[in-house]
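K.L.:
The lines below spell out each chain.
There are 2 protein chains.
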Amino acid sequence: MSDSAATEIVPKVVIVGAGFGGVAAARALKGAPVAVTLIDRRNHHLFQPLLYQVATAALSPNDIATPIRGIFRRQTNVSVVLGEVNGIDTARREVRVGNGAVAYDYLVIATGARHAYFGHDEWERFAPGLKCLEDAFEIRRRVLEAFERAEAEDDPVERCALLKFVVIGGGPAGVEMAGAIVELARRALVKDFRKFDAQDPRITLVEAGPRILRGFDERLSRAAIRALARLGVEVRVGNAVTHCDASGVVVAGERLCARTIIWAAGVSASPAAEWLHAEADRAGRVMAGAQLALHEHPEVFVIGDVAHVLGCDGTPLPGTAAVAKQQGRYVGRLIDARARGRPTPEPFRYRHYGSLATIGRKAAVADLGRVRMSGSPAWVLWSLAHIFFLVGFGNRFAVLSNWAWAYLRYDPRAKLIIGTRPYSPPLALPAPAKMLPEPSSVGS
Amino acid sequence: MSDSAATEIVPKVVIVGAGFGGVAAARALKGAPVAVTLIDRRNHHLFQPLLYQVATAALSPNDIATPIRGIFRRQTNVSVVLGEVNGIDTARREVRVGNGAVAYDYLVIATGARHAYFGHDEWERFAPGLKCLEDAFEIRRRVLEAFERAEAEDDPVERCALLKFVVIGGGPAGVEMAGAIVELARRALVKDFRKFDAQDPRITLVEAGPRILRGFDERLSRAAIRALARLGVEVRVGNAVTHCDASGVVVAGERLCARTIIWAAGVSASPAAEWLHAEADRAGRVMAGAQLALHEHPEVFVIGDVAHVLGCDGTPLPGTAAVAKQQGRYVGRLIDARARGRPTPEPFRYRHYGSLATIGRKAAVADLGRVRMSGSPAWVLWSLAHIFFLVGFGNRFAVLSNWAWAYLRYDPRAKLIIGTRPYSPPLALPAPAKMLPEPSSVGS
Chain E
1 MSDSAATEIV
11 PKVVIVGAGF
21 GGVAAARALK
31 GAPVAVTLID
41 RRNHHLFQPL
51 LYQVATAALS
61 PNDIATPIRG
71 IFRRQTNVSV
81 VLGEVNGIDT
91 ARREVRVGNG
101 AVAYDYLVIA
111 TGARHAYFGH
121 DEWERFAPGL
131 KCLEDAFEIR
141 RRVLEAFERA
151 EAEDDPVERC
161 ALLKFVVIGG
171 GPAGVEMAGA
181 IVELARRALV
191 KDFRKFDAQD
201 PRITLVEAGP
211 RILRGFDERL
221 SRAAIRALAR
231 LGVEVRVGNA
241 VTHCDASGVV
251 VAGERLCART
261 IIWAAGVSAS
271 PAAEWLHAEA
281 DRAGRVMAGA
291 QLALHEHPEV
301 FVIGDVAHVL
311 GCDGTPLPGT
321 AAVAKQQGRY
331 VGRLIDARAR
341 GRPTPEPFRY
351 RHYGSLATIG
361 RKAAVADLGR
371 VRMSGSPAWV
381 LWSLAHIFFL
391 VGFGNRFAVL
401 SNWAWAYLRY
411 DPRAKLIIGT
421 RPYSPPLALP
431 APAKMLPEPS
441 SVGS
Chain F
1001 MSDSAATEIV
1011 PKVVIVGAGF
1021 GGVAAARALK
1031 GAPVAVTLID
1041 RRNHHLFQPL
1051 LYQVATAALS
1061 PNDIATPIRG
1071 IFRRQTNVSV
1081 VLGEVNGIDT
1091 ARREVRVGNG
1101 AVAYDYLVIA
1111 TGARHAYFGH
1121 DEWERFAPGL
1131 KCLEDAFEIR
1141 RRVLEAFERA
1151 EAEDDPVERC
1161 ALLKFVVIGG
1171 GPAGVEMAGA
1181 IVELARRALV
1191 KDFRKFDAQD
1201 PRITLVEAGP
1211 RILRGFDERL
1221 SRAAIRALAR
1231 LGVEVRVGNA
1241 VTHCDASGVV
1251 VAGERLCART
1261 IIWAAGVSAS
1271 PAAEWLHAEA
1281 DRAGRVMAGA
1291 QLALHEHPEV
1301 FVIGDVAHVL
1311 GCDGTPLPGT
1321 AAVAKQQGRY
1331 VGRLIDARAR
1341 GRPTPEPFRY
1351 RHYGSLATIG
1361 RKAAVADLGR
1371 VRMSGSPAWV
1381 LWSLAHIFFL
1391 VGFGNRFAVL
1401 SNWAWAYLRY
1411 DPRAKLIIGT
1421 RPYSPPLALP
1431 APAKMLPEPS
1441 SVGS
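Residue numbers (the numbering used here), protein chains in the order written: chain E, 1 to 444; chain F, 1001 to 1444.
There may be inaccurate statements among the hints.
Said to hold, decoys possible - Only pairs whose alpha carbons sit at most 30 Å apart, straight line, appear in this in silico BS3-like list of lysine-lysine:
#1 E/Lys131 with E/Lys30
#2 F/Lys1131 with F/Lys1030
#3 E/Lys12 with F/Lys1191
#4 F/Lys1012 with E/Lys191
#5 F/Lys1012 with F/Lys1030
#6 F/Lys1191 with F/Lys1030
#7 E/Lys12 with E/Lys30
#8 F/Lys1012 with F/Lys1195
#9 F/Lys1131 with E/Lys131
#10 E/Lys191 with F/Lys1030
#11 E/Lys191 with E/Lys12
#12 F/Lys1191 with E/Lys30
#13 F/Lys1195 with E/Lys30
#14 E/Lys191 with E/Lys30
#15 F/Lys1131 with F/Lys1362
#16 F/Lys1195 with E/Lys12
#17 F/Lys1362 with E/Lys195
#18 E/Lys30 with E/Lys195
#19 E/Lys195 with F/Lys1191
No wet-lab data here; the hints were simulated from the structure.
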């Protein structure tokens, strides 16, 4: 229903990526005299900080994903396009989407990052990472199937490997994942299985650096290790994983036999630097100027995980939701100002309000600069912060009720194995033909 | 934690399939002096009558699926095995699961049915059917992507085909699917799209037989056609689809150009007849005796969609949840009686309480034998019946709140495209290179 009579010529803003950065930029352009096209290859925005809870069956996809069109239903200067960007022509000012192209006057690149294996891409099939809903389903499937196979396994060595879980990477993502798996395993799942008990599942968190949660105060790192130990997670720091295959990992020369390995050790930016022929850092992030634009192309902005932007301390800003949102808002306002011919804002400056990481159901660490917390108070703060940030996506109530349910009953609601195939046999290591163990107890 | 000291030798019951029939049989064996092994290739039981609501984005998988282990957590004589059965050795009394085998004294086959294309298996990729959660995700993806592509399409002929949906099969499944799609399209989705309006999406229901809802009273068939017409579904009866491809279907020599086709026209039983070398009917259903056992193997039972059982009127019982549940309960009680050395019950007799089919958000038809209803009263009855049957699966509240939300706001919560690939281009018909339409209106 294009309303050509009412059309006036306004600058065209193209935003690629509807993560925290892209959505914030588009929202900041509300009311601006521009026509925004927001392109994403998925139809939903994802609240990624809670994705690990989908992977560990505590939440369902609906709770943390919301259709992009719904977010901008009432913001009439935004058009949403579902499509995969495969190139950018900065000379003609066009973004190539599938077989077509979209012209821009201003371009915002907010395409995020994928997990990176530091030259060991062959590890990906053994140690999947977590970036999208499909990743979460895959990890959920592997974790739940490991328990299923352990239940059917007679060989104690193999059963031990099936009940061993290795999480690689001691940042907030790895810590949260390890805490969630150990709680799922020891509290929720054991009730459903008959042949092993709560102490059998073993979770190891491997961090190459000298301590976990490097971005936090050192005392909080120690508090996190204690909290993880209480839950039953073994933490190994100071040695990187040197090998990874279907039967486990090698750390400091020692083989850890584990059928389930999860990668939370590193990311690299999407290929935006190649599209733009722009300078990038080692992680593939595009070097951005003080106003988050490219030096050669002041009409092209990079924000979020795909951008290399220095903080006040001279180090690059981390790839967090808070950074991406602030950058998106900044760029939106800057484009608004330019479109109206007003002076553009001061250079971008990131305001750090704090870092939060949760460890299981009751503990967390919070580093708010002057204030530091661990244990239950930090957990309450973490919960409130996440519920608060889900506001506006309409999912607050669903998340809250699912959490309350899981919390009260230690019984995550979402223990469904969903995949393309009904049941996939082990990745490697075919089991020899054998009789399955028979049920041996009687009762009701 | 096998408790070998307390073990006594009890009959081994193996149930294959954890649908309505298999779960009912296992539940009926609660307290029976038997050791039950319940095998399914998925880890969840599915409330299939509401699966079309997952496909049309009104419900999320969690609402209608529940892990099998959770259902039998407290019934200690049931062991759950996740695995794919690939054969049965009736001489050795073993079920082959993956590479292993499970021995039985009593065997209950409740493996259900898949959609069947009557010799046109090549139609499946163009017209997927709906039997499991993955099917529902696939149909949801196709429906939602059709709207996305229509929004980006300039060619009016192609846009028309993208907004045309054909449902093949006028049974309850087809009627419910057509009603759900038209409401999704005309009420919920149009708000999210800018380039077409509520009247543009067109839904056609094709039934080869002389009328839709054949199992219902003829007046209810007519009421259903009127209700569908009010919603905007065109119903064509009396002609079968003779061809099906990526660009549409052919009915009575006429080509209906539609990019989205859904198959609800027929099912055939799982390959149990081959496993058992047993007599089967044309739909692959195993011929069962009066006690639902095979004539040659009184220890092997077939129930639900995989069984050919005659009703009082001499015609085979339909493949409904009610039939499967009653048969499961009957077989469970029969095995219990045999295991205790008590007299076995009378031959199985199906008690028909009624047939229900819903048509969109407010209309339904109910055929309770002497009482027949259509319109809102039938819809209320349908809703109550479905909520009631979800009792015991712990999902009642979730379904109720999702429905209430969707009902009040005309806004289904679950409009997520989830698949293995981020965005899949059209099945066929690659679009020529072109500029995507530009956003043309300005506002906030």
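K.L.:
Evaluate each hint against the coordinates.
P.N.:
Hint-by-hint comparison with the structure:
no.: 1; hint: E/Lys131 with E/Lys30; in the structure: holds, 28 Å
no.: 2; hint: F/Lys1131 with F/Lys1030; in the structure: holds, 28 Å
no.: 3; hint: E/Lys12 with F/Lys1191; in the structure: holds, 23 Å
no.: 4; hint: F/Lys1012 with E/Lys191; in the structure: holds, 23 Å
no.: 5; hint: F/Lys1012 with F/Lys1030; in the structure: holds, 14 Å
no.: 6; hint: F/Lys1191 with F/Lys1030; in the structure: violated, 50 Å
no.: 7; hint: E/Lys12 with E/Lys30; in the structure: holds, 14 Å
no.: 8; hint: F/Lys1012 with F/Lys1195; in the structure: violated, 62 Å
no.: 9; hint: F/Lys1131 with E/Lys131; in the structure: holds, 29 Å
no.: 10; hint: E/Lys191 with F/Lys1030; in the structure: holds, 18 Å
no.: 11; hint: E/Lys191 with E/Lys12; in the structure: violated, 56 Å
no.: 12; hint: F/Lys1191 with E/Lys30; in the structure: holds, 18 Å
no.: 13; hint: F/Lys1195 with E/Lys30; in the structure: holds, 20 Å
no.: 14; hint: E/Lys191 with E/Lys30; in the structure: violated, 50 Å
no.: 15; hint: F/Lys1131 with F/Lys1362; in the structure: holds, 25 Å
no.: 16; hint: F/Lys1195 with E/Lys12; in the structure: holds, 18 Å
no.: 17; hint: F/Lys1362 with E/Lys195; in the structure: violated, 48 Å
no.: 18; hint: E/Lys30 with E/Lys195; in the structure: violated, 57 Å
no.: 19; hint: E/Lys195 with F/Lys1191; in the structure: violated, 52 Å
Violation of the numbered hints given earlier is confined to hints 6, 8, 11, 14, 17, 18, 19; the remaining hints are satisfied by the structure.
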